[in-house]
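Protein sequence lines correspond, in order, to chains A and B.
Under this note's numbering, the first residue of the first sequence carries the number 1, and numbering increases by one thereafter.
Under this note's numbering, the first residue of the second sequence carries the number 1, and numbering increases by one thereafter.
In short, the hints are calculated from the structure, not lab data.
Take these hints with a grain of salt, some might be off.
To give an idea of the chain A side of the interface with chain B (calculated C-beta under 10 Å), a few residues [unchecked claim]: (1) Leu141; (2) Arg205; (3) Leu214; (4) Leu375.
Here chain B is said to cover these stretches of chain A; the calculated rule only asks that three of the stretch's residues, wherever they fall, bring their Cβ under 8 Å from a Cβ of chain B [stated by the list, open to error]: (5) 156 to 166; (6) 218 to 231; (7) 355 to 364.
The C-beta atom is built at its ideal place from N, Cα and C for all residues, glycine as well.
If you want the building blocks of each chain, they are given just below.
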Amino acid sequence: MIRDLLALAFGNACLVAAGHGVLRAVGLRPAYADLPWALGVAYLAGAAVVGVLSSALLVLGLALTWWQIVLLCGAVFAVGLARRGTLRQPVRAGTAGWTRVLPLGTFLALSILAVDLAVQPIWTDDAWSIWAAKANSIAALGGLDPSLLSSAGVFNADYPLLVPVLELVALRFCGIPNELVPLQLGLVFLAFPAALVALLRDRARPVVLWTVALAVSVAPSLQIQAASAVADVPLAVFFALAGVTGWRWVEEGEGAMLGLAASFGAAAVATKVEGGVFVVLLVVGLAVAALRLGRPLRALVATALAIAVSALPWVVWARVHGLGNAYSDGGGAGAVDLAAAVDRVPRAAFAIARELADPSSWLALALLAAGAALLGLRRPGARGAALFTCFVGLASLVALVGVYWTTPLDFEFHIATSARRVVTAPLLFAAAMAPLLLASGRR
Amino acid sequence: MLNLPAEPGTVGVVLLALGALVALLVFAPLLERVGAEVGGRRGERAPSWLVAGALAVTVAGAPFGLWRVVEDIRKTAPITPEHARYVGAETKRIDGELVERVAALIPRNATYGVVVSEGAYEEIREGLPYWLGFALLPRRQARDARGAEWIVAWGGTPASLGIRARPPQLVGRNRLADREPVYVAEAAS
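Could you put together the complete structure from these sequences and hints?
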């Protein structure tokens with residue numbers, strides 16, 4: 001176990017190094033002692049970019065062995081080192097007085113969760129039938145094997161590759177079979193509160209920022225999903241960070257933030273199918289907000305194109321090899337009489353609303369997200385951010401209602417087994433925006 | 001979380017009550033301190049109420065939530081790595097040890113088909129093909145069992161489930177359901 005933990009730490013240190021390369025490439029150079037940046041943002045940026053690039057490399061025929069992962073991380077780090085021009089060092093800001101208890105509480109909650117992740121087996125349906133099956137097949141067969149992925153035993157074979165790639169880090173560095181896969185995947189969630197604090201601390205008040213971080217850390221549904229080794233929490237993390245960094249670009253025009261938004265947005269698309277829809281809505285929201293502020297759209301269009309291109313290799317490969325999923329295997333939306341099934345729309349909307357309003361799932365998180373959005377709409381300095389948050393969040397939820405309306409699967413079964421998970425990304429995005437919505441008094 | 005307590009129990013109820021009590025007690029001082037930090041427009045108290053309220057809800061619920069995680073750790077940590085490999089099967093009433101014995105009989109580069117008795121539990125009928133797809137990697141599962149090199153028959157012999165095969169080998173009986181027999185056979189050439 002100790003040997004495996006050390007090997008896992010080495011593999012993830014490579015992702016952190018890659019993340020520092022990404023940060024330098026977009027024009028940022030955080031101090032190594034600045035842990036929220038050095039471990040939080042850098043880790044997630046590394047996981048995002050290495051995950052997206054690895055998906056393409058798998059399609060090109062690589063096996064993604066441990067040394068190939070090391071080389072890839074080294075290459076991403078080297079790209080950052082090669083960047084010319086001045087790099088901005090993010091400002092450092094701490095907590096003072098009683099608010100110090102908030103980061104301590106966050107750290108305590110995440111530490112307990114980390115122990116739980118380390119002892120957690122892969123046991124939920126989706127964890128073994130979709131994600132671990134794909135990661136293990138890549139490890140066992142030395143890369144993507146279309147005949148295996150199109151065989152009857154692989155569920156939702158055309159789902160994207162980022163989560164299997166992250167699981168491969170555990171499988172390649174520790175060996176298979178490996179019981180540390182849930183911890184490996186859970187690191188994305190463990191890093192999120194620190195990353196959010198780092199990205200917003202020069203803009204939001206510490207007490208608000210750490211309240212959101214603490215609320216995220218102790219939200220039961222997020223903890224349970226993180227321990228389930230499924231893709232919804234990684235999707236939510238990447239989507240939320242793409243939204244926050246994208247909005248910071250709209251507000252301040254800082255190219256580094258748009259670069260990070262591109263990385264996190266591409267990762268969201270490479271994590272789950274609905275990530276593509278969410279990111280399209282995010283880009284539309286950013287474009288409208290940028291136009292209102294008179295910001296040129298060239299950079300945003302380039303970002304959107306880069307995200308689309310990053311998704312192409314896997315989409316084309318999966319299509320060429322005829323991979324499908326439960327939705328397409330059931331005949332897709334064409335198998336449903338939409339007029340006859342229109343009663344599903346209010347039922348799905350109600351189910352989604354009920355999940356979001358359940359305090360036993362989210363404790364204070366949904367309250368914070370909704371309250372901050374409503375307050376932001378009333379405050380002149382935060383109205384733009386609030387409109388953006390409401391548009392992206394609500395449009396994402398509407399998209400989910402559309403999926404349930406058109407599902408060829410058994411409606412009740414589909415909604416009962418997925419509604420609690422799929423609302424995670426829109427909710428975490430809205431919660432991540434909350435510190436900005438409550439920050440207008442400062443600037 | 002595999003062993004998350006389904007019900008709060010006495011300890012959980014006490015923690016929830018204590019959390020709620022502490023939240024009530026600290027709310028007023030929290031509101032004052034958060035108000036001093038958050039400020040906002042003159043006369044605008046709503047942001048302070050929102051943040052202090054969120055903190056109070058967190059204080060109320062977090063001790064119970066974290067206790068549940070600790071309970072999960074306490075019950076999940078003793079699971080051996082060998083058992084951890086097939087805990088997922090057990091959630092579907094599939095005896096994972098049997099599947100490991102099946103894996104020992106089918107060559108790694110072979111294809112196999114799965115047939116399940118109509119009398120088996122629905123969880124088994126729906127979950128078994130995907131569990132085998134995961135647990136028997138890198139063996140490939142055929143979409144039609146009649147075209148496979150090997151047959152895994154769950155709940156009866158291949159012949160009784162409508163598949164021609166060589167004389168089957170009884171792998172064992174499923175301890176997690178009705179002790180239905182599980183057979184492996186090479187397909188009839």
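Practice task
Please count how many residues of the region 156 to 166 of chain A have a CB within 8 Å of a CB from chain B and say whether that reaches 3.
Solution key: violated (count 0)
Problem - chain B over the region 218 to 231 of chain A, status - at least 3 residues with CB closer than 8 Å - result: holds (count 6)
Problem - Status of the Leu375(A) interface restraint (C-beta, 10 Å, chain B) - result: 6 Å, holds
Practice task
Can you take a look at whether the region 355 to 364 of chain A is actually covered by chain B? Rule is 3+ residues, C-beta closer than 8 Å.
Solution key: holds (count 3)
Practice task
Classify the hint on Arg205(A) as holds or violated, based on whether any CB of chain B lies nearer than 10 Å to its CB.
Solution key: 6 Å, holds
Practice task
So, Leu141(A) near chain B? Judge it on the closest CB pair being under 10 Å.
Solution key: Holds, about 5 Å.
Handout entry: Proposed interface contact between Leu214(A) and chain B, which counts if any beta carbon pair is under 10 Å
Key = 6 Å, holds
In terms of the numbered hints stated before, the structure departs from hint 5 and from no other.
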